[in-house]
Each structure stands twice: as C-alpha cells, then as structure tokens.
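Undergrad: Residue-level listing of the chains:
Protein chains: 2
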Amino acid sequence: MTRDQLIDNIFSKKSYLCVGLDADLSKIPTHLLDSPDPVFEFNKQIIDATKDLCVAYKPNTAFYEALGAKGWETLKKTADYIGDKHLRIADAKRGDIGNTAERYAEAFFNQMAYDALTVAPYMGEDSVKPFLNTKGKWIILLAHTSNPGSSDFQLFSDGKKNLYEEVVTKSQQWASPDQMMFVVGATRADRIGHIRKLSPKNFFLVPGVGAQGGSLEEVSKEAITSECGLLVNSSRAIIYASSGKDFAEAARTEALKVKKEMERWL
Amino acid sequence: MTRDQLIDNIFSKKSYLCVGLDADLSKIPTHLLDSPDPVFEFNKQIIDATKDLCVAYKPNTAFYEALGAKGWETLKKTADYIGDKHLRIADAKRGDIGNTAERYAEAFFNQMAYDALTVAPYMGEDSVKPFLNTKGKWIILLAHTSNPGSSDFQLFSDGKKNLYEEVVTKSQQWASPDQMMFVVGATRADRIGHIRKLSPKNFFLVPGVGAQGGSLEEVSKEAITSECGLLVNSSRAIIYASSGKDFAEAARTEALKVKKEMERWL
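Those protein sequence lines, which keep their order, are chains C and H.
Just so we're aligned, residue 1 is where the first sequence starts under this note's numbering, counting upward by one.
Just so we're aligned, residue 1001 is where the second sequence starts under this note's numbering, counting upward by one.
Note that these hints are calculated values from the structure, not bench results.
As the structure is a prediction and not an experimental result, all values here were calculated from the model.
You may find that some hints are simply not true.
[As the list claims (entries may be wrong)] Straight-line Cα separation of at most 30 Å, DSS-like style, residue types lysine-lysine; simulated pairs:
1) H:K1137 / C:K27
2) C:K44 / H:K1076
3) H:K1076 / C:K161
4) C:K170 / H:K1170
5) H:K1070 / C:K70
Same shape as in the complex, but just chain C:
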C-alpha cells in the first residue's frame, strides 16, 4: 500500500485507527476453543466487526510464534483475510545483518502478504535497507517505545540529543517517508511533539493508547499533520472488550468510540 493510498483511506474513513491482533489462547472467548483454528476464528470476527472503522491491522508475531508452525499459518491466513484495503503491519521487531534481513523481507512481504514490518534499529543501516526494495512496502522503525524499559537505552544521551532522536534523524538518510514510519509510544506524549519536529513527514505508529494508559487526545494534539501522519494502535482495549460471545460486537463498540474521537482531529 502506497503512502497516497494510506492517506486516502484515512480521510475517506475518517479514522487513523490500527487494531492490534494480539490474540492469546488464554484470553480469547472460550466458545472459540473448539474451532479448528481458534485464533483465526477470533481474528476473522474482530476484522469483520471493525473493518469499516480502522485503516490498519497489526498482529504481533510473538502471539503466533507461541503456537508453533500452526500459529505461523494463522499469521499468514490473517494477512490474506484482512485483504489489501487495510495496511497490514507485522509487528515483528526484527533487525539483523543485510543477507539475513533479506530473508525477513521474503518472509513477511512475499511468503506472507504483509505491507509493513516493525524493525529494531540497533544494528543500523544494513539491517534496514533490504526491506525497502519494493514500492508500497514499509518498515516501521522503533524510535521511542511505550514500555517502562524504553528509558534504559533510548534516553542515552550525547549531551545534545537522546538515542531515540539520533535514530529518528539518522534513519531519514536511509529511507523516504514513503516507506518508513516510526514507532512512537503514546505514554510519553510530551516527546511525540518533539519527534514530530524532527520528522515532519513520517507517519508514526503509536502504541500505548488504551491498556498502557496513553491518551489519544494528547497524541493527536502533538503530532497530527495535514496528511494525518498517525496510525494509533489499540490492541487489548478493543479485542478483549468482552470475553463473552459478544466479543466482536463489544470490540466494535470500543473501536467506534476511538474512531469518533479521531473524526474530530481530521
């Protein structure tokens, strides 16, 4: 999916919501556990219930890998089921040397139909570049994450700037805003505005709204642009809104609340 297509989708749907498909067998409604592929059944119903309200879906690969080869098959089927009208983000946080990064690109962009992959920046340029060979495919580089441990190294400073600022600045020499986004956590809204100044054109994928406590209002105020420039992710608050048979309906209700707030900002 190209940048123009993504922006069109956002403004026509009046939404910049990304739904995180982090399905955990111990948390999905028990009535699904009898189906041949409970996680896929769960994802399908969540997708059906929310697809008009969001522009992206983001499965975190850990939840699928924990189910073995079968989970990997579910990850692939989920991308196919989402289809090409939504940005399909594999939240995999990969990052390796060049010849290995090429294999990851093969895995997520060719073997499976994902449009975007989250990538950790620690190994530098040659771990990023192999993902950029195909127009319409994206990397989403970790900049400043939403978790407590984000302060351990991301705030390491050379006296003028923190590591996360160096990542945001230097990586822009490697990839254009047509193929690179940044992960910027919602839990530190004060820093989002600052990162926006460092990267006026890049989309931000923003986790941490919902279960992790970030505020959609703060994030939007600080970082929205004329092209939107934001994908705000919510996982647990939407997909686990109910643990009963009404889980998909409850997910829709929660997604609709978020989407209604987003309309105000677009």
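Keeping the supplied structure of chain C fixed, place chain H upon it in accordance with the hints.
TA: Chain H only, in chain C's frame:
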C-alpha cells in the same frame, strides 16, 4: 543447559565452536531439493558430521521464516534433532514489551526446545527479564555486532562511553552470567578485549569469523577466560564449504580446522 554443563562440554571437547545453521534453499546442494524437507535433511547431515567438533548450534530464524509455516516446523525439528548435548541457540534477535516477550519465551523455550535466544536491547529491561524465569535458559543480548551498520547507533556516545558499553554495563544488573551472554562481533577484535573488561564472567557469542572476515586468533587472545567464556560462531564458511554431494564431509573438514585452532587456546 546450565553454565557448568556448557563449560564442561567445552573443556571435554576442547572446542568452543558454534555452527550456524543458516540454510538457504538457493545455496544448499541441489541433490537435496527432492527430499520432503530439504533444509532439515541438510541440517541433519551437517549436525551428524560436526557434532563431536562443536558445543553449540545456532539457526538464524530468518532463514526458516522465509519458508513459511513449513520452515517453522523445520526450526522445531532441528532443535529436537540437535538434542540436549549441545547448546541450542535460536538467533532470533527478538525484543518487545513484557507481556509479548513472555510469548517469545513460550515460543522458543517451551514450544521448541531451544536453550538460548538472541535479544535486541533497544526496548530495555522489561524486554529482557521474561526470558530469565527458567534455570538453564539463556538470553544472548546484542552488544556490539559484526555488521557495517553496527557503528550507526552502537557507537553513539555520551562522551565517556558508547551505547554498546552502556548495554553491557547496565544489563548486568538484570541478569547473572549464568543466564546472559553477549553478542560481540569478531570483526572489531580491538573492542572485544575492552568488552571483556566490562564483563569478566559473561560468555560472548562471537559471529563474524569466517565469511565476515574476523580472526579466531585475535578474538581468543583478547577475550578467552579461565572458563573459556567464548562461543565462536561460523556459519557460511562451514555449511557451504562445498556445494556438492560431499557438503557434509567438507563441512567437517572446515569445522575440524577451527576446532584444532581452538584446542591451542583451551
């Protein structure tokens, strides 16, 4: 595998060789391509030919993920085939928030029989801790990698120390040398001795010897300890020593050369 068991294996075999099982369908001998699982067949023959010469095997997950769900099955079967007499390292370079890291631990340590997982440090403490709940299971944290891009952020400095030094120092507050190793690339041998001073007890997993140009002699001189403290990995130079029907025999010849040099240092 506990630290004591690993050290025993090293000194009884007189080897600290780790063989990297990065099998690529486009590079393995063509006569294997007719077998039902060519990569597994390749791995089996490499393992049979080298198991008395090495103490660890390290598949890089990217090469398996590029083959889809079937590759994931091969990754699991490979761990089972290696067995518990060798340290089984999944070179996956994962790193995510706490509840997600728990799923990765489930994937690699329970669903599959790996003993150790490589982890990227960018997200900090809560991305590391969930891997430490089981004795005998290890994380191997990226410190200073062997690729060209390692200088992009790993050498970011606060004026007194580089980021990789901060990673080595701070992470030792989170995990003991019984469960944490560091990845230290062989291509910058001058820095290995320095990292050894910062972490006298931790094992180092050292890639970059062989195809990437690092020197086993330099690495050993700079960083070997009375408990050895080193696992030196070689992937392409061993597994692709021949592309013919004699590939396993050729791999053995290469592994034996490395092991003979290691004997001198133990």
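Undergrad: It remains to establish, for every hint, whether it holds in the given structure.
TA: Evaluated hints:
1. A distance of roughly 26 Å separates the Cα atoms of K1137 of chain H and K27 of chain C; the hinted pair therefore holds under the 30 Å criterion.
2. Between K44 of chain C and K1076 of chain H, the direct Cα distance comes to roughly 28 Å. Compliance with the 30 Å bound is thereby established for this hinted pair.
3. With a C-alpha separation of about 43 Å, the suggested pair K1076 of chain H and K161 of chain C falls outside the 30 Å cut-off, and the hint is violated.
4. Taking the CA atoms of K170 of chain C and K1170 of chain H, the gap is near 25 Å; set against the 30 Å cutoff, the hint holds.
5. A distance of roughly 9 Å separates the Cα atoms of K1070 of chain H and K70 of chain C; the hinted pair therefore holds under the 30 Å criterion.
Of the numbered hints given earlier, the model fails hint 3 alone.
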